[in-house]
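Chemist: Protein chains in written order, with our numbering: chain L, 23 to 310; chain F, 8 to 161.
Just so you know, the hints here were simulated from the structure itself, not pulled from any lab data. Computed from a predicted model, the values in this text were never measured in an experiment. Careful: at least some of the hints might be erroneous.
Unchecked claim - To spell it out: a stretch of chain L is covered by chain F in this simulated footprint if at least three of its residues, at any positions, have a beta carbon under 8 Å from a beta carbon of chain F; those stretches are: (1) 114 to 125; (2) 214 to 223; (3) 269 to 281.
Said to hold, decoys possible - Residues of chain F placed beyond 12 Å of chain L at every Cβ, according to the derived structure: (4) T58; (5) E89; (6) S131.
Ideal Cβ placement from N, Cα and C applies to all residues, glycine included.
Okay, here's what each chain looks like letter by letter:
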Amino acid sequence: MDEMEHLNPKDLEEVFRAIKETKGQAKFIAGCTNVIPNMRAGVISPELLIDLSGLEDLAHIREENGSIAIGALTTISEVAASGLIRNQSPILSSAAGSLGNPLTRNRATIGGNLADASPAADMAPPLLAMEASVHTERTGGRGRKISLDKFFIGPHQTVLEDDEIITQITFSKPKDPANGSYIKLGLRDSMAISVASVAVMLEMEGKVCRKGRVALGSVAPTPIRAYHTEQRLEQGEIDGNTVEECSAIVQKEIFPISDIRATDKYRNSITSVLLKRAILQVLDGGER
Amino acid sequence: MKKKTVHFTVNGEPHEVLVESNALLINVLRDELGLTGTKYSCGTGECGSCTVLVDGEPVLSCLTLAVAVDRTDIVTIEGLAEPDGTLDRVQEAFLDHGAIQCGFCTPAMVMMGRDLLNKNPNPSESEIREHIKGTLCRCTGYTSIVRAIRSCSK
Numbered sequence: 023m024d025e026m027e028h029l030n031p032k033d034l035e036e037v038f039r040a041i042k043e044t045k046g047q048a049k050f051i052a053g054c055t056n057v058i059p060n061m062r063a064g065v066i067s068p069e070l071l072i073d074l075s076g077l078e079d080l081a082h083i084r085e086e087n088g089s090i091a092i093g094a095l096t097t098i099s100e101v102a103a104s105g106l107i108r109n110q111s112p113i114l115s116s117a118a119g120s121l122g123n124p125l126t127r128n129r130a131t132i133g134g135n136l137a138d139a140s141p142a143a144d145m146a147p148p149l150l151a152m153e154a155s156v157h158t159e160r161t162g163g164r165g166r167k168i169s170l171d172k173f174f175i176g177p178h179q180t181v182l183e184d185d186e187i188i189t190q191i192t193f194s195k196p197k198d199p200a201n202g203s204y205i206k207l208g209l210r211d212s213m214a215i216s217v218a219s220v221a222v223m224l225e226m227e228g229k230v231c232r233k234g235r236v237a238l239g240s241v242a243p244t245p246i247r248a249y250h251t252e253q254r255l256e257q258g259e260i261d262g263n264t265v266e267e268c269s270a271i272v273q274k275e276i277f278p279i280s281d282i283r284a285t286d287k288y289r290n291s292i293t294s295v296l297l298k299r300a301i302l303q304v305l306d307g308g309e310r
Numbered sequence: 008m009k010k011k012t013v014h015f016t017v018n019g020e021p022h023e024v025l026v027e028s029n030a031l032l033i034n035v036l037r038d039e040l041g042l043t044g045t046k047y048s049c050g051t052g053e054c055g056s057c058t059v060l061v062d063g064e065p066v067l068s069c070l071t072l073a074v075a076v077d078r079t080d081i082v083t084i085e086g087l088a089e090p091d092g093t094l095d096r097v098q099e100a101f102l103d104h105g106a107i108q109c110g111f112c113t114p115a116m117v118m119m120g121r122d123l124l125n126k127n128p129n130p131s132e133s134e135i136r137e138h139i140k141g142t143l144c145r146c147t148g149y150t151s152i153v154r155a156i157r158s159c160s161k
């Protein structure tokens, strides 16, 4: 961190003016809860930081046209404390409460968590299960709406261009918000990077699953959806067999690695267990 | 490196400090302003000993750039007691319950205890433990700390 400039734009025009002047060599920051540790460890050495935290318009949680819209600069604490989120997406609420620790959550932002794109990003599995979209702004007004399942392309890699920032995350209000489950397995109860995480949302009609969404974290190069598992869930009535089969199918959809937190074999094994638990939890009343 | 002037109040007093862009808030508070009550321990945001309040919310000052807190109100442990030296109720409770051993986590623990009680005057034990999940203590095993904070419930 030897040479470094910090810009604090007050609105989006200023942001894009700053990007133009630096020819896209800037790093966007907000809460800095990952950025500063990375800079101190020498993982990144940006020369210019464009601090987005002055863009107050981008911190909000509201209902808009049948969707829930969360501004990119909303802190994880705000997401966790939001009654609207607790009602419309208990799994997102739960994940927000599990990220880092109370202090980190007061600064970390939902946009930052997605833009950092760790395979273990806590906000990603529930948002994937909610079929969320990421909204961006870019120089020249070329902002776009990107479905979250098309957003991550590798560890810490997204489809965002150098001059593109996330402004908002949206998802449609679910039919049965409570029919979801989120399980994060970590080596500790707090301040844990997940070993594996599972988010499930089911739309049920009696015992029949009309729509099943399963998303997983820390078991692939990016947070992923488990499409084959979802398909199996949507094949008629869910019974004990379905759950067993799904817990086997999911193991074929993941690509876990061995790292300092767990081995690939353990992750493979535990994902199966967590998925089973998550489905049973939903059938048993879900997350409230 | 470019230097910037930042303005903020600390414990009610306005300050104007010339800082480098990469200066961390914890170092500005400790080295520039001499407020060494806030402790530097891990430097990576994992122990919580650097906790200060920024605009009323507890944050990790070792992960906060000084330039990012321009025009904010900051409270450190030195700002908790009354100007005449009367200790905050949480500070008294820590003394009464022997919730201090080496003392290194204490400023942060007291800040988090005070923050919780401001938001929730009657926290349960699990709510207290939840709130201090980001603040590590290597000495006490947390029992006396939780007891101290609990004793301040209404």
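Chemist: Does each hint hold? Answer for all of them.
Modeler: For each hint, the structure was consulted:
Counting residues of the stretch 114 to 125 of chain L whose C-beta lies closer than 8 Å to any C-beta of chain F gives 4; at least three are required, and the coverage claim holds. Coverage of a stretch by a chain is defined here by at least three residues with a beta carbon nearer than 8 Å to that chain's beta carbons; for the stretch 214 to 223 of chain L and chain F the count is 0, and the condition is violated. Beta-carbon proximity to chain F at under 8 Å applies to 0 residues in the stretch 269 to 281 of chain L; the threshold of 3 is not reached and the given coverage is violated. At the 12 Å boundary, the C-beta of T58 (chain F) falls inside the reach of chain L, the nearest C-beta of that chain being 6 Å off.
Even its closest Cβ contact with chain L, about 26 Å, leaves E89 (chain F) beyond 12 Å, as expected for a residue assigned away from the interface. Every CB of chain L lies more than 12 Å from the CB of S131 (chain F), the least distance being 16 Å, so the non-interface label holds.
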